[in-house]
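*Asks:* One line per chain: the protein sequences are P and U, in this order.
Using the working numbering, read the first sequence as starting at 10 and increasing by one per residue.
Using the working numbering, read the second sequence as starting at 5 and increasing by one per residue.
It should be emphasised that the hints constitute simulated quantities derived from the structure, not laboratory data.
For glycine and all other residues, C-beta sits at the position ideal for the given N, C-alpha and C.
Check each hint, because a few of them may be wrong.
[Unchecked claim] Some chain U residues flagged as far from chain P (calculated, every beta-carbon gap over 10 Å):
| id | residue |
| --- | --- |
| 1 | Ala12 |
| 2 | Phe55 |
| 3 | Val68 |
[Unchecked claim] Covered stretches of chain U (in silico footprint by chain P; criterion: 3 or more residues with CB under 8 Å from a CB of chain P, positions within the stretch not fixed):
| id | segment |
| --- | --- |
| 4 | 15 to 29 |
| 5 | 89 to 103 |
[Said to hold, decoys possible] If the Cβ cut is set under 8 Å, some of the chain P residues that face chain U in the computed set are:
| id | residue |
| --- | --- |
| 6 | Gln618 |
| 7 | Thr619 |
| 8 | Ile621 |
| 9 | Val622 |
| 10 | Gly623 |
| 11 | Ala626 |
| 12 | Ala630 |
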Amino acid sequence: MNIDVVGLVWLVPGIPLAAAIVNGLFGRRWLHRATGVIASVALGLSAVLGVAIFFAVVAAGHVARTVTLYEWIGAGDFHVNVAALVDPLSATMVAVVTVVSFLIHVFSNGYMEHDPGIHRFFTWLPLFVFLMLTLVLADNYLLMFVGWEGVGLCSYLLIGFWFERPAPYTAANKAFWMNRIGDWGFTIGTILTFLTFGSLTFHDVFPKVAGVAQTQPLTITFIALAFFLGATGKSAQLPLYSWLPDAMEGPTPVSALIHAATMVTAGVYLVARSTPLFAVAGPALLVVAIIGAVTALFAATIALVQVDIKRVLAYSTVSQLGYMFLACGVGAPIAAVFHLATHAFFKALLFLGSGSVIHATEEQDMRRMGGLRRKMPITYWTFLLAGGALAAIPPLAGFWSKDEIVGAAFTNGQPILWAVGVGTGLLTAFYTTRMIYLTFHGEPRDHHLYDHAHESPAVMTVPLLLLCVGAVFAGLVLGFPPEAGFIHRFLEGTVTAEAAAQSELPNYVLIAGLAATAVVAGLIGIAIGYAMYARRRPDPAAVSRAVGPIYTLLWNKYFVDELYDHRILEGGRALFGAAWAFDAHIIDGIVDRLAWLVSLLGSGLRRVQTGIVGNYALSIAAGLLILIVVYGGYATGVLHR
Amino acid sequence: MTLVPLPAFIAVSATLFFIGVAGVLVRRNAVVILMSVELMLNATNLAFVAFSRRLAVAGERGSVFVVFVFVVAAAEVAVGLAIILAAYRNRPTVDVDQLDEMKG
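Let the hints inform the model, and build the full structure from the sequences given.
*Replies:* This is the structure we're talking about:
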């Protein structure tokens, strides 16, 4: 058997698209809940193929193969193909995206079981996967942009899935708008790339980068920053992060798939994919690192006081994405992709676990939960392990990847960013502990809710268990030993600017020291969380009173939404109002006047149409006479040309 | 026997034609207007035949157009009379000045 699996790569996004089309056309009238089965089977096939491609690329070593489907645009010098670039980076992404998507689709069969809009759900979710895979596999910036916009659209549709209620559609609008700002950056970046390099295809652009950086360093920096603006929108970084917490209004599997595991990592993928560009982009890389670190810390502090279980996870996602950008910024894109992969597993698991809790209790406020571990043992244990991975407890997945990022910040000469990373790690451990204690431990605070809680059905718990395997072992399998694990050897040369950057053995003493520091910080965070929420010493309420103003600030999320609303949006509204007035009075005014003039002319000309045949005959005769006179004039030479 | 000169034919033709034009313009009875149009058509027929007879280089092929004009005139009369009849049924008059529903 010798099948060219890589050549079949177009089937990986193709199968989910087919499922989306079938469900979209026939779901509402005939298929109903069967849409879930169709979508899950399609995603299962896609995942099998995705993993097969991953292993094919692993077996082939450092391949970068372009599988062209057809030429999309060919105009003069401008050529864009619909083509898939299969290399270690995209193969890793494809494997992660398809596997996590498959498990979340299966989970959704249970979670969305009773929803009347289930056919809509299972139309948009596979459509999202199709577009996400388009984004990941694209071999040029323009096709990537198609996927980029497409996942934004699906995100909008799925956040606003329960559009009957005001909160979801407001959140959907907010997400769309904030993403538009970022997409504008992506557009500018794409246009500038074409103008500078004359191509949009990755393997045309990247070899030229070093040469252009010599002559036009500012252009390169600007392109990198424009792409990074796109990344901040999609990956919810400062200052465009605030749509992601609101996006939690969507169904929980959507939060798990789109707003934790896949779509929000598109920005990281973009930066990792463009590493050759960013590597020579001068100060742009530092901007990426600083934004990443600040976002990580900023979001983690907000997560400390959230009471909605999904919002804690949302801010945690923003924070973890910050880590990934920090990694890209300090020149460790491999660590970023590594963390992206492990995060996809453990954060999807955390979200699905919270979904399981919400499914059982129909409550998202952690203050009304408590003691649920006795009712939901599988959910509890998987959630606990995923929480451990999030808090970077060795040997769980998150430890290996996060530690590598924080370590890279130190070894690459950014001790301040390293300190921020370690501090964020402490906060992460604290809020994770707090979340687990409030939800699963202690005495039930709402007995009605507790009595009705039940473990979720197997269709939901089995995906939890499978994701748990990833959350526990992914770090060990991919990233051990540190700095030289499988994923490093695999991605070396694809993501890093120069392949042989690290030929000497990593300094294990330094790595161990840094890791120990990070682990100790995490343990301190857990200890504080345990002391406050299990022992009530100090009592959380007393602490929040003691640090009153800070607590108010965190509780109100630094008033960023208010700032955007009152300062920026109001300015925007004034501008929009002026634009509207210009449109209504000047543009429409001109058009109205023109129409008035035409109608005036028409009512004048109306009189010509008397309806009396004689008048028409007379005008015909007059015309004839004029013709005869003119012709006669020319013929006899009286008139000259 | 001397030939009647060509301009004589053209003069008759032109006279007939302008009598027709005058009829179309001044008469109000639709049937008479139609008759005047026939007069104009036959005036042109006369001119065609005369030119064909006197100026043709090889054969009198120009006369063929007279046949065309006959056919068109017959069709036109048929349609014209049908319209007049329809208008008369609608309103019992054939005075075109009173048929002014198309007034803008």
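*Asks:* Would the hint on Gln618 (chain P) stand, with a C-beta cut-off of 8 Å toward chain U?
*Replies:* holds (3 Å)
*Asks:* If I take the minimum Cβ distance from Ala12 (chain U) to any residue of chain P, is it greater than 10 Å?
*Replies:* holds (20 Å)
*Asks:* Holds or violated: is the Cβ of Gly623 (chain P) closer than 8 Å to a Cβ in chain U?
*Replies:* holds (6 Å)
*Asks:* Double-check Ala626 (chain P) for me: the hint is only fine if its C-beta lies closer than 8 Å to a C-beta in chain U.
*Replies:* holds (5 Å)
*Asks:* Far enough from chain P: is every CB of that chain over 10 Å from the CB of Phe55 (chain U)?
*Replies:* Answer for Phe55 (chain U): holds, closest chain P Cβ roughly 16 Å.
*Asks:* Should the hint that Val622 (chain P) touches chain U count as held when the rule is a Cβ pair under 8 Å?
*Replies:* holds (4 Å)
*Asks:* With a cut-off of 8 Å between beta carbons, are at least three residues of the segment 89 to 103 of chain U near chain P?
*Replies:* Since three or more residues must qualify, the claim that chain P covers the segment 89 to 103 of chain U holds, with 3 doing so at under 8 Å.
*Asks:* Once the closest CB in chain P is found, is it more than 10 Å from Val68 (chain U)?
*Replies:* holds (25 Å)
*Asks:* If you take the shortest Cβ to Cβ gap from Thr619 (chain P) to chain U, is it below 8 Å?
*Replies:* With a closest approach of 6 Å, the Thr619 (chain P) hint holds.
*Asks:* Minimum Cβ distance from Ala630 (chain P) to chain U below 8 Å?
*Replies:* Interface hint status for Ala630 (chain P): holds (6 Å vs cutoff 8 Å).
*Asks:* With 8 Å as the cut and Cβ atoms as the points, is Ile621 (chain P) at the interface with chain U?
*Replies:* holds (5 Å)
*Asks:* Quick check: do three or more residues in the segment 15 to 29 of chain U have a beta carbon closer than 8 Å to a beta carbon of chain P?
*Replies:* It holds, with 3 qualifying residues against the three required.
Against the hints set out earlier in the document, no violation occurs for any number.
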